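Novice: For reference, the chains in residue letters:
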Amino acid sequence: SQQGEEDPQALSIQEGENATMNCSYKTSINNLQWYRQNSGRGLVHLILIRSNEREKHSGRLRVTLDTSKKSSSLLITASRAADTASYFCATDTGGGGADGLTFGKGTHLIIQP
Amino acid sequence: DAGVTQSPTHLIKTRGQQVTLRCSPKSGHDTVSWYQQALGQGPQFIFQYYEEEERQRGNFPDRFSGHQFPNYSSELNVNALLLGDSALYLCASSLGPGGNYGYTFGSGTRLTVV
Numbered sequence: 001s002q003q004g005e006e007d008p009q010a011l012s013i014q015e016g017e018n019a020t021m022n023c024s025y026k027t028s029i030n031n032l033q034w035y036r037q038n039s040g041r042g043l044v045h046l047i048l049i050r051s052n053e054r055e056k057h058s059g060r061l062r063v064t065l066d067t068s069k070k071s072s073s074l075l076i077t078a079s080r081a082a083d084t085a086s087y088f089c090a091t092d093t094g095g096g097g098a099d100g101l102t103f104g105k106g107t108h109l110i111i112q113p
Numbered sequence: 001d002a003g004v005t006q007s008p009t010h011l012i013k014t015r016g017q018q019v020t021l022r023c024s025p026k027s028g029h030d031t032v033s034w035y036q037q038a039l040g041q042g043p044q045f046i047f048q049y050y051e052e053e054e055r056q057r058g059n060f061p062d063r064f065s066g067h068q069f070p071n072y073s074s075e076l077n078v079n080a081l082l083l084g085d086s087a088l089y090l091c092a093s094s095l096g097p098g099g100n101y102g103y104t105f106g107s108g109t110r111l112t113v114v
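Respectively, the protein sequence lines represent chains A and B.
Take the first sequence: its letter number 108 is residue 108 in the working numbering, and every next letter is one higher.
Take the second sequence: its letter number 91 is residue 91 in the working numbering, and every next letter is one higher.
Some hints could be false.
[Stated by the list, open to error] Here are the computed lysine-lysine pairs in the DSBU-like style, where the Cα-Cα straight-line distance is at most 35 Å: (1) B/K13 - A/K70; (2) A/K26 - A/K105; (3) A/K56 - B/K13.
[Unchecked claim] Simulated coverage check for chain B against chain A, where a stretch passes if three residues somewhere in it have a Cβ under 8 Å from a Cβ of chain A: (4) 48-61; (5) 98-106.
Calculated from the structure, these hints are not laboratory results.
Computed from a predicted model, the values in this text were never measured in an experiment.
From the three backbone atoms N, C-alpha and C, an ideal C-beta is built for every residue, glycine too.
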């Protein structure tokens with residue numbers, strides 16, 4: 001079963017605009033991770049935010065986490081054509097990490113030049 | 001420094017056959033996890049190997065089995081292939097089973113069952 005649910009399913013914006021994707025989950029987590037996937041190939045790790053953190057930045061990426069609402073958001077500022085990809089949130093529910101990550105279905109982001 | 005390497009890249013098998021997929025983890029990583037990603041879906045956790053043992057398994061039948069070698073590389077075996085096993089199979093490595101610093105994924109093996 002998939003715990004995470006990204007919203008929207010698809011997003012198309014102009015280059016230079018900001019893109020925001022949201023993720024909701026159902027159970028308590030140890031951490032939440034965001035990944036990018038280009039054209040159905042491997043996933044690239046973007047950011048990991050722990051359950052006791054509220055916000056994290058990495059370059060043009062900003063991730064927030066609200067454990068009371070069981071939700072997270074990924075903001076990409078000043079988007080570029082190369083940001084076109086699918087973005088997934090994944091939750092680690094603990095258990096020493098051996099339970100694996102639980103992914104949502106992803107948000108497909110298209111950046112129009 | 002090589003990342004995660006998976007082989008083969010693409011594979012076509014016939015229903016009922018058996019398949020073996022291979023994964024070499026990123027240098028310095030000792031834990032390997034396998035995921036199945038159907039078209040249009042997010043990856044689903046199959047199992048994880050650490051210290052040459054299967055530590056945890058997702059909701060997959062016994063037809064899916066694996067192995068980890070002393071050099072930390074891993075194999076995923078699927079027996080009695082079904083059409084529904086067609087998917088992208090992703091290998092992810094980490095330092096320790098906790099994955100507290102994120103996972104490094106390979107580019108995947110695209111399996112098509114006909």
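Novice: Determine which of the earlier numbered hints do not hold for this structure and return their numbers in increasing order.
Specialist: Checked against the structure, the hints that fail are numbers 1 and 3, while the rest are satisfied.
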